Amino acid sequence: MGPTDRSRGSTAFRQGTGPGATRRAFLLATAALLVTSKGVSARVVTKVLPWRPNEAYPVTPVVPGGYLFFTAREAAVVEAFAERLIPADELGPGAKQADVTTFIDRQLTGPYGGHDWLYMEGPFSKNPLPSQGLQSELTPRQQYRSGIAALEAYCKATFNRGFVELNAGEQDKLIAGLEKGEVQLPNFSGKMLFTAIYTNTVEGFFADPIYGGNRDMVGWKLVGFPGVRYDFRDVIDRPNQAYTLPPVSMQGRPAWGER
Amino acid sequence: MARRLPRRDVVIVGLGWTGSIVAYELARLGLDVVALERGPWRDTASDFNIGTAPDELRYAVRHDIFLRPKQETLTMRNNPSQTALPIRKWGSFLPGNGVGGAGLHWNGQTWRFLPDDFRIRSHMIERYGAGIMPEGNQIQDWPVSYDELEPHYDRFEQVAGISGKAGNIKGKIQPGGNPFEGARAREYPTPPLKQGYAQSLFTKAATDMGLHPFPRPSGNISAAYTNPYGCSMAPCTYCGFCEWFGCANYSKSSPQTCVLPALVREPSFEARTDCEVTKVNLSADGKMATGVTYVDASGEECEQLGDLVLVCAFSLFNVRLLLLSGIGKPYDPATGEGVVGRNYAYQTGSGASAFFEDAKFNPFAAAGSLGVALDDYNSDNFDHGPHGFVGGASITSAHTNGRPIRYHPVPPGTPAWGSAWKKAVKDTYQRVTYVGAQGSVMSYRNNYLDLDPTYKDPLGRPLMRMTFDYQPNEQKMANWMAERCQEIAKAMGANSTRLSRLGVPWSVVPYQTTHNTGGAVMGSDPNTSVLNRYLQSWDVPNVFVMGASAFPQNAGYNPTGTVGALTYWSLEAIFRYLKSPGALVPR
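Sequence lines, in order, name chains A and B.
According to numbering that gives the first Met the number 0, the first sequence holds residues 0 to 258 in order.
According to numbering that gives the first Met the number 0, the second sequence holds residues 0 to 586 in order.
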């Protein structure tokens, strides 16, 4: 990747090198550049807006199928856990049917999973104030890997079964214990594991389906969010009336054709 | 050894609202202007088209277009007895990055501060006596009056195309506008936005209570408009993707929409992006700036020589650049001496949720500045005598978005997950609205900015340290305002309400507001200010510092309108400076 593709730029959002490389090649081809002895060093804009069509960095749509980060066992634990957080019920599908697990898996393989954009320099305080926020050196990938292992070890020791094999009532009780900090996992903060899965499950249930979760826009249908129509002048003109059109995602909606 | 680049007439640090405005106004005089921006180039057509712009996860949750803490963050503590730790992940505030700066991702709420706000210290003491001033305060009058700024507020509103309804034109109160506002020369450039169902309930309830609601001034504009720079804007479509997003419709006032199309056509202007200014360089005697040093994207250090240096970064980073450059004496709260970092302030948020039995608020049909506000409890528009606090708040009924990752409110007592949570999320989404109070924050001896002794950025320079907490005065004020919000919410017909008091201690975790002010304040006394009344450094007269860092304390409004007005006010002084360089106010 070229020198501009780093934390200060915006091109590192997508995973992989393909699309970024395309953008980079494009920049080299079209923009004025300040060239020094060390090579290209700054993008210079003068006299004309450097506009070309389709320059925006689209996200790469997630293709479901298999896991890139999780082992099969980890994926099963996350799926079972997430399904208790947002269960399928008479109101509609839950986290499992929304494919939240694929969403989390793909997020963990990207910059989010490594806290690539965050300030991760030490020293790390052992006793931060609550008002000082995130102070752990564990990345989301480490939290899931170690946290799930600790959860499984706890379940084996306590129930002689894995998390997935517990019944729904047992799972709910355990999750509530993690949430409140009452269940101590071996060598890992149960509350940290709860927070990671909870936060990412809600994201995966409501994020645009392009990221692999919210399949069939089930999260949006639950609340009645119409998605990315980008024009609600008709709604503003009809206050306090129900909105009845189906939601639309960045990739359209199923009725527009199979993808 | 840094590579030296040929001198320019004007070197601008940061290409957001203030940087782009001063660049355009000076380039069109024929001056050679170079702007150095540490983030990437961004423009509407390239970066924010409809196929990619409305992406909540990418922008509002993962912060794709924001400054990455890895590149620069701050350390934070609530008071000087604590050890500051780095803000590893943005929360309470969210600084922008790249061309457009915060003007790209803001909501667009564009206020004028009230006439009393500019002489708050004198005014409060005259009306209530010195006893009303809070303990440890360093509140000071602005060195400029509302009347002096009025033409410059007007200019910024015209450039930004602001939609609104005047409440006071040349002293004559206008029906439907804000009767408390300072006199304006003329109406807003475009009419107010349409409002939603919640705002109609709020307007009726507030009016019945004897209050004075009006549509809040909006930088998401209501009608097609061409500004004085010849830049065209299109009507807002109420898509609900404003704050933290770029606008794909050319409807949100931003440097991209309102200034850059004109600016880049000026042949004497050049922008260099991915170039981080590390220092303003001074002459051997420290009395003049010779230019700036920056590090480009390849890591090479360059020295850009320049006659005039305009510091136009985000307020916090203006202060850090001054500290790193040795311009002005750093503030020391132990002695009360020094000025750089002094009087850092912020904003309060409090209010009340209103849950309705049956309503369809359609929160997704929204805009960042859609809303109806009232100023009956702002500034000194009400009698502070019985309350014992200084300051006030604008109170607003608004829906800025219904994006569901972050917006899925539930009533009090709902479990955080499971079927009961899911049911509450579904049932509540359409039936809740919020009445909010955005309040002032005064300046205090122990709320300040300095350099951190431990943590460094990737270039090895100390991070800035923020020491801040909400003081008893602000807590009292904001919590009183929350009760006013609750009264209105009840009068709107809410089935139940929930009071949201000011969260203390101040925490970096929940998003609150990116209205960080002060640290390089303007004033009439060099012992208590970094800048004179024209935003010119007292110490280095060819350095001017734009932005909210100049506010002596913060008022009960969003800062951008006042930032814009101060920019044009300062520009007028810079024109005079160019004819006759030197200190515009004798020290």
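Hints are computed from structural coordinates only; laboratory data are not their basis.
Predicted, not measured: the structure shown is a model, and the values here were computed from it.
Worth double-checking, as some hints may not be accurate.
[Said to hold, decoys possible] In silico lysine-lysine, DSS-like type, Cα no more than 25 Å apart, as pairs:
| hint | chain 1 | residue 1 | chain 2 | residue 2 |
| --- | --- | --- | --- | --- |
| 1 | B | LYS286 | B | LYS69 |
| 2 | B | LYS455 | B | LYS475 |
| 3 | B | LYS422 | A | LYS95 |
| 4 | A | LYS125 | A | LYS179 |
| 5 | B | LYS425 | A | LYS172 |
| 6 | B | LYS425 | A | LYS95 |
| 7 | A | LYS179 | B | LYS278 |
| 8 | B | LYS455 | A | LYS125 |
| 9 | B | LYS171 | B | LYS328 |
| 10 | B | LYS578 | B | LYS286 |
| 11 | A | LYS125 | B | LYS88 |
| 12 | A | LYS125 | B | LYS69 |
| 13 | A | LYS179 | B | LYS422 |
Evaluated hints:
no.	hint	in the structure
1	LYS286/B x LYS69/B	violated (34 Å)
2	LYS455/B x LYS475/B	violated (37 Å)
3	LYS422/B x LYS95/A	holds (17 Å)
4	LYS125/A x LYS179/A	holds (20 Å)
5	LYS425/B x LYS172/A	holds (24 Å)
6	LYS425/B x LYS95/A	holds (18 Å)
7	LYS179/A x LYS278/B	violated (48 Å)
8	LYS455/B x LYS125/A	holds (19 Å)
9	LYS171/B x LYS328/B	violated (45 Å)
10	LYS578/B x LYS286/B	holds (19 Å)
11	LYS125/A x LYS88/B	holds (17 Å)
12	LYS125/A x LYS69/B	holds (21 Å)
13	LYS179/A x LYS422/B	holds (22 Å)
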